[in-house]
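Asker: Each chain, letter by letter, is given below.
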Amino acid sequence: MVLPPTAMLVVTLLTLPLATATLLFASGRQPRTLTLAAALLSTCAALALGLNVHLEGVSVHAIGGWEAPLGIHWQVTVPGAVMLLATAMVGLAGAVYGAGYFVHRPGPEGRMARVFMPLWLFAWGGLNALFVAADLFNLYVALEVLTLASVALVALSARRTALQAAMRYLLAALFGSVIYLLGVALLYGQYGILDLDGLTSKLDPKHPGSRAGAVALTIGLLTKAAIFPLHFWLPGAHGRAEPPVSALLSGLVVAAAFYLLLRLWFGPLAGLLTFGVGTLFGAIGAGALLWGGVLALMQRRLKMMVAYSTVSQFGFAMLVFPLALAADREPVVTGGTLLLANHALAKAALFLAAGSLVRASGSDRIDRLVGFTGSSRWAWIAVILAAAALIGVPPTLGFSAKWLLLQVAVAEGAWWWLGAMLGGTLLTFAYLGRLLERALLAPAPAPHPPKLKIALLLPALLLALLACVMGLWAFDVETFARLEPGP
Amino acid sequence: MHPAEALFDALLLLSMVVLAWQGVHARNMFRAVVSFMMFGLLTAVAWVRLEAPDIALAEAALGAGLTGALLLATLGRLKPERRGARLQRAAKLSMLPWLALGLAGTMTLLAVTLALPAPGLGERVLSAMPEAGVDSPVTAVLLNFRAWDTLLEIAVMLLAVIAIWSLGQDVLASTSRLPAPSLPALVRLLFPLLVLSTFYLLWRGGHGPGGAFPAGALLAAGLVLALLAGARVPERMTGAPLRCALAAGLLAFIIIAVGVMAEGGVFFAYPPRHAPMLIAIVEIAAGLSIGVMLTALFLGGEPTDTQGGST
Amino acid sequence: MSTIAGAILIVLGLLFFLSGTLGLLRFPDVFTRLHALSKADTLALGLVCAGLALHADDGTLQLKLLLIWLLVIVSGATCSSLIARAALAHGIRPWQR
Amino acid sequence: MSLPPGTLFLLASALLFAIGAHGLVTCRHLLRKVLALNVAMTGVFLLLVTLGRSGTTVDPVPHAMVLTGIVVALSTTAVALGLIVRLERRRP
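Protein chains in written order, with the numbering used here: chain A, 1 to 487; chain B, 488 to 798; chain C, 799 to 895; chain D, 896 to 987.
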């Protein structure tokens, strides 16, 4: 089989969503076939790209033919390709779900349906741009595309609570941007380059600019990734947005910022990752695990619980950093990437299924959710599968990721971090188990079995299934999945 | 450096810092906004002092002018009792620890930045200029070497318009109760001038300070002035034509970026023969589109068809 | 010769700027302040531009200086009138001794 | 004077950043927060351009970055202001 060259696929992945979104906006109409075709095409491009990376490995593309310090590079790394694939899956699922969820009608009632698709595609394009970018400033611009699209999506319902959440989110994200840009300025002042490869080869931990720059970049990204204690904006924004939006935000937008953290700390900033820094990150992660987990356990509303679960899960991801102090970083990076991919699929599935359940129940309260009846059965199956992936039941993707990290922790004798991981998993089990127990054993009485459109069930189900099945494939993948700075 | 220059810089920067403080902490919101606008104006002067005329043009038009107009329009759309909102702090913390923390942070930042060698990319840009297709280094960086950044940036701007429009229809600011005949007269005089200077800056961007952003900002200034003088978006322009004008810049950018792949197979690699023309097309499309987008940001929502009236 | 004349014009202009600012600070209400500011500053800017034009040996530059002055006159007059109208609309009565 | 060139500008940029960050954290009114963000942004822009001037040639890359940054900042500010207006209109 002849695949199109990687450069072609990258260009498709970046320009197709942006161009389609712009055309949709310009035309003022939302032909469903066109949007879904664009989504499908982007997904195919991502799949082909993943296959290319699998066959040919990492590739670098100089935009406009200008070599690195002067021009901008795209770099398709294995973790980047994994995230691109996860983005495509969630993007497609959300597009289908959104087409079924929002009412298509002229006039004010149809507003959300009209606005959703362009914004969704802009966010998708921004994510793609971010996962292939290899330039500090280009990353900043891509982050801003993502931020504005996400904020507009949070505010979609235009209810007061949604607007408040969007405003908080916007301010937090912009605060993160300012600090991130400060870090870019400091690193540029020290080395006069912006591309990540050049920085990797030049960066000296002893320079004041590199340290201050690393601190600024990290604080900025921690804010955008809503890592405890900078998570204050997340539960509101994710809990109050419309379901497909929450899926995108929780599954991917936060993960994108965290992916950048990984990219930076295992790329240019690797020399600065000392024992102290790793331990600090680990402590933050453990704190997030605990705080997010306990608060998730205390929530009464379904979507808020899922939102706090995100805070907790990213604490888990933070534990990657102390484990990376080991000599061999490869399995850690692979584990971290798989963790992000697993979270993207499972959390998106969870939010989509939650949206369907809330619609079927007419309430967001956990104790008023409909039980395992009618078509809501399928939503519950998606919830169960996603929960299994989040907890890390074998053979899910979550299990593969956690297993890899556990192995490193055991080999390193890092018992503290091992304990934190086990504790976090237990907490995840507790709050998800509580949800299932409440809803399945003591369901709210449903007068008539709910009927949900297939577009509201299938995407969540497939995403959750994917998170579960991919675990089998991931054991094969981990042999090649490594974060390489390129040739 | 001449001592008089140092004195001028010191005065300029001191006023900037004071105005910035005022802009955040002034007693009422109107004062804060006006201080912030003056801060933007002085920032433009600072750019001139830093030998960055392109940024100075953009800052004067965007940072001081349009941001100011946006802020004032926002104040006008708030409920009157909120406009004069007094300064409230998050908690009744004493200022001292914050000041100490801020001062320590400032000093650390200063110490770090003073120690930076700042090698920069100036030499590299200079050596690549012959193949850039334009004579102005800043335009070369914006539209050739780092054109992908600029494409995404125009996407950000369009996204901002979509985001604001997605919140609902436009909210018009309360207009003055007394008719002011002098403003429309001024607009009739200035509008053609501003359009003329827009094209002048677009043309000039190829070889000197200028280019799409200042040009777009000037066009927007003209359009916003017209709106302030009571002009409304003509009815036949709302809807599809306006949306197309807004989208044109980004679409042209994407089409050219992908189109040049026909020749070399590389995204954004202008063929050397056509580079000047292609860059000029991108520049003009981007400049005009930026002008319309900035005006749309000022409108604060999608213009309704029912307003009537015309320019 | 022309440089000295130019310098004198500029200093004269700065003095007018100073008086305009003094008026802004010391006059009792918005209308009188506007009066001081718009009158004195327009003249002051004209003097400064004339002084600079004497220093410039380039015809286009002199033309640009003239243009700057004309534009500021037009926009300054409009702004003053707008501010005064806004003040009246807000119910501020002109100051009377 | 024996100050290294650009010291004043670096000091101003650090101060502006501090004022902006401090204002963002301590002010309650949303409009003030937006203004504070813009002030902090200007501080970063000043830093970038001042650093681009230290070499022998003027470095146009920070100029391009700041031009991009100004437009991005304006766009995000406009969205923030739009949100503020809608929020105020829905104030109970």
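Honestly, the hints are just simulated from the structure, not real lab data.
These numbers were taken from a predicted model, which means no experiment stands behind them.
Don't take every hint at face value.
Computed far set for chain A versus chain B, every beta-carbon distance over 12 angstroms [unchecked claim]:
(1) Ile72
(2) Leu163
(3) Gly271
(4) Thr274
(5) Ala430
Under 7 angstroms between C-beta atoms, here's a sample of chain A residues computed to sit facing chain D [claimed, not checked]:
(6) Val60
(7) Met167
(8) Leu174
On the chain B side, residues computed to face chain C include the following (Cβ under 8 angstroms) [unchecked claim]:
(9) Leu559
(10) Thr595
(11) Leu597
(12) Leu673
Glycine included, every Cβ here is placed at the ideal spot set by N, Cα and C.
Asker: Does each hint hold? Answer for all of them.
Answerer: Okay, the hints, checked on the actual structure:
1. Against the 12 angstroms criterion, Ile72 (chain A) falls within the reach of chain B, whose nearest CB is about 5 angstroms from its own CB.
2. The Cβ of Leu163 (chain A) does not lie farther than 12 angstroms from every Cβ of chain B; its closest approach is about 8 angstroms, which violates its non-interface assignment.
3. A cut-off of 12 angstroms between C-beta atoms confirms that Gly271 (chain A) is not in contact with chain B; the least separation is 18 angstroms.
4. The Cβ of Thr274 (chain A) lies farther than 12 angstroms from every Cβ of chain B, with a closest approach of about 19 angstroms, so its non-interface assignment holds.
5. With a minimum CB-CB distance of about 34 angstroms to chain B, Ala430 (chain A) clears the 12 angstroms threshold, and the non-interface call stands.
6. The beta carbon of Val60 (chain A) is not positioned within 7 angstroms of any beta carbon in chain D (closest approach about 20 angstroms), and the interface hint is therefore violated.
7. Using the Cβ-Cβ criterion of 7 angstroms, the hint placing Met167 (chain A) at the interface with chain D is satisfied: the shortest such distance is roughly 5 angstroms.
8. Annotation: Leu174 (chain A) was flagged as interfacial toward chain D, and the flag holds, the nearest CB pair being 5 angstroms apart, inside 7 angstroms.
9. A cut of 8 angstroms between beta carbons decides the hint on Leu559 (chain B): the least distance to chain C is about 12 angstroms, and the hint is violated.
10. Nearest Cβ of chain C to the Cβ of Thr595 (chain B): about 38 angstroms, over the 8 angstroms cut. The hint is violated.
11. A least Cβ separation of about 33 angstroms between Leu597 (chain B) and chain C goes past the 8 angstroms threshold, and the interface hint is therefore violated.
12. A least Cβ separation of about 4 angstroms between Leu673 (chain B) and chain C falls short of the 8 angstroms threshold, and the interface hint therefore holds.
Hint compliance for this structure: hints 1, 2, 6, 9, 10, 11 are broken, all remaining hints hold.
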